[in-house]
Amino acid sequence: MIELRDIDFRYPVIGGFGIHIPRLSIPAGECVAVVGPSGSGKTTLLGLLAGILASARGATVINDTDLAVLDDGQRRRFRIEHVGQVFQAFELLHYLSVIENVMLPHYIHAAGADRKDVHQRALQLLSDVGLGLKAGSRPGELSQGEQQRVAVCRAMLNQPALLLADEPTGNLDQANKQNVVDLLLDQAQRNHSTLLMVTHDQSLLGSFSTVLDIQSVLTVTTGQGAKAA
1 MIELRDIDFR YPVIGGFGIH IPRLSIPAGE CVAVVGPSGS GKTTLLGLLA GILASARGAT
61 VINDTDLAVL DDGQRRRFRI EHVGQVFQAF ELLHYLSVIE NVMLPHYIHA AGADRKDVHQ
121 RALQLLSDVG LGLKAGSRPG ELSQGEQQRV AVCRAMLNQP ALLLADEPTG NLDQANKQNV
181 VDLLLDQAQR NHSTLLMVTH DQSLLGSFST VLDIQSVLTV TTGQGAKAA
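Note that the sequence shown covers residues 1 to 229 in my numbering.
The hints are simulated quantities; they were obtained by calculation from the structure and are not laboratory data. All of these numbers come straight from a predicted model, not from anything done at the bench. Careful, some of the hints might be misleading.
[To be verified] Ranges of calculated distance between the beta carbons of each label pair, as one might list FRET restraints:
no. : residue 1 : residue 2 : range
1   : Thr-222   : Gly-136   : 45 to 53 Å
2   : Gly-206   : Gln-88    : 29 to 37 Å
3   : Gly-140   : His-192   : 16 to 24 Å
4   : Leu-133   : Phe-17    : 38 to 46 Å
5   : Gly-132   : Val-13    : 31 to 39 Å
6   : Ser-25    : Ser-137   : 37 to 45 Å
Don't be surprised by glycine CBs; every beta carbon is placed ideally from N, CA and C.
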């Protein structure tokens, strides 16, 4: 589960953007769409949950691990082992094959896993999303929708407890948007992952068990003081 308590975070620039979260709880296995206007803290929230950002105070607890007490290296290890991330820009490496992109988390941090087993899991994930025959292709040979499916497979490689998706459908047409959302929900259910997906697309909200309006859980702060997000 996710439990945030009394979180204060500010980007380290003069007058920089910051947020305050008094409390936020999300049960394990929940599939949550995160909504709110631009600049309201949605991406910052995901950064805190992924351990990319560290709060100045407060507790960020994910499945009994408080990220706030970990150093940079420990948070990085936690992220690699327990968090899957999907981005709007796909973030695929075009000089690697499709399956090498999916296996990238294993190359970065093997965590004792056998490479043959990881390779088989990567192939199975690609097969599950209809890309089994394109494992040896380069990302540039795929459509945008196919590239995003590869990004989802990469995020699911380590069967993460927490799956974070930041506007993963922003560059896709409507049919591919729904396909990616269905894929995220299916993979989260299969792996018993908690899913948070940031989106501006109201048409996708009906697919989620919970819709979280970011303005209801945090306050945006600036160098000149605080204001409601």
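Each hint tested on the structure:
no., hint, result
1, Thr-222 / Gly-136: 45 to 53 Å, "49 Å, holds"
2, Gly-206 / Gln-88: 29 to 37 Å, "21 Å, violated"
3, Gly-140 / His-192: 16 to 24 Å, "34 Å, violated"
4, Leu-133 / Phe-17: 38 to 46 Å, "45 Å, holds"
5, Gly-132 / Val-13: 31 to 39 Å, "46 Å, violated"
6, Ser-25 / Ser-137: 37 to 45 Å, "42 Å, holds"
The earlier numbered hints that this structure contradicts are 2, 3, 5.
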